[in-house]
Amino acid sequence: MENNNDKFHLEREETKFLKGPRSRFNELMFTFRVQWSFIRGFRKMHFLGPCVTVFGSARFKEDHPYYKKAVEIGAALSGMGFTVMTGGGPGIMEAANKGAFEAGGTSVGCNIILPKEQEPNPYLHKWIDIPYFFVRKFLLIKYSYAFVVMPGGIGTLDELFESLTLIQTRMIRDFPVVIFGTEYHKELCQHIHLMAEEESIGQEDMKLLYITDSVEELTAHIRKHAIQKFGLVQKAQKPKWWFGERPETRPGPASKA
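Take the sequence shown: its letters are residues 1 to 257, numbered as in this note's numbering.
Just so you know, these hints were derived from the structure itself, not from any lab. One or more hints might be untrue.
As the list claims (entries may be wrong) - List of simulated lysine to any residue pairs, SDA-like, C-alpha gap at most 25 angstroms:
# : residue 1 : residue 2
1 : 224       : 202
2 : 142       : 215
3 : 186       : 206
4 : 142       : 61
5 : 68        : 214
6 : 61        : 28
What the hints assert, rightly or not - Derived CB-CB ranges, DEER-like:
#  : residue 1 : residue 2 : range
7  : 26        : 133       : 15 to 23 angstroms
8  : 212       : 19        : 37 to 45 angstroms
9  : 25        : 62        : 29 to 37 angstroms
10 : 24        : 196       : 24 to 32 angstroms
11 : 17        : 190       : 45 to 53 angstroms
Heads up, the beta-carbon is just placed ideally off N, CA and C, and yes, glycines get one too.
Construct the complete structure from the given sequences, taking the supplied hints into account.
Okay, structure coming up:
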């Protein structure tokens with residue numbers, strides 16, 4: 001059932017902001033609320049260690065083949081020492097979190113507040129609710145050393161190209177981007193090849209993508225282009241008491257910000 005309070009919240013916040021100029025006071029208050037969302041996210045995610053973010057559809061059920069593959073991927077990434085991060089919702093996101101959770105790894109989510117498909121999945125050790133898409137995408141990218149793109153819809157494509165744009169323009173390092181599902185993404189990959197042929201992107205940009213149907217190939221690629229390339233070592237961050245931080249303990253399910 002739709003939550004009318006959430007619909008009201010969205011109408012008051014991001015939707016009104018994007019309609020155009022408002023009073024200076026309203027714009028300033030919106031800026032403060034966005035700043036607070038960033039601060040909450042930074043505090044929540046600071047001690048997680050290197051993450052891999054898994055993007056994918058919220059609509060696939062447990063019996064879907066890609067859901068099952070996402071469970072395998074979450075477990076494999078966890079076995080490599082990564083924290084598995086997703087958008088925190090159902091479908092592929094839930095599956096990747098489930099794989100990490102059941103494998104004994106750390107599973108986290110950045111959940112977007114929406115009238116539909118907004119409930120955090122039950123396989124999260126930690127999650128944070130974010131009311132703004134742009135803050136959520138920032139957090140999903142900021143803490144990750146690799147991105148896995150599973151079959152999904154418009155939101156998944158948005159996250160894919162956001163990551164690629166930041167890598168292409170060198171706003172972030174050239175972290176590996178793995179597209180999983182060759183048949184599902186066939187036309188997408190053909191279009192990306194067309195862009196290279198027409199020189200709307202450079203041929204070297206094609207190297208930013210790795211496309212596979214194999215969990216083993218995915219993990220080998222991430223091991224080479226993330227762990228080995230960036231010399232990842234799990235370094236413990238020390239909490240600072242003057243920030244109100246406490247020593248990090250192994251979280252139980254769904255420790256919410």
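Practice prompt. If any of the earlier hints don't hold here, list their numbers in rising order.
Written response: Hints 4, 6, 9, 10, 11 not satisfied by this model.
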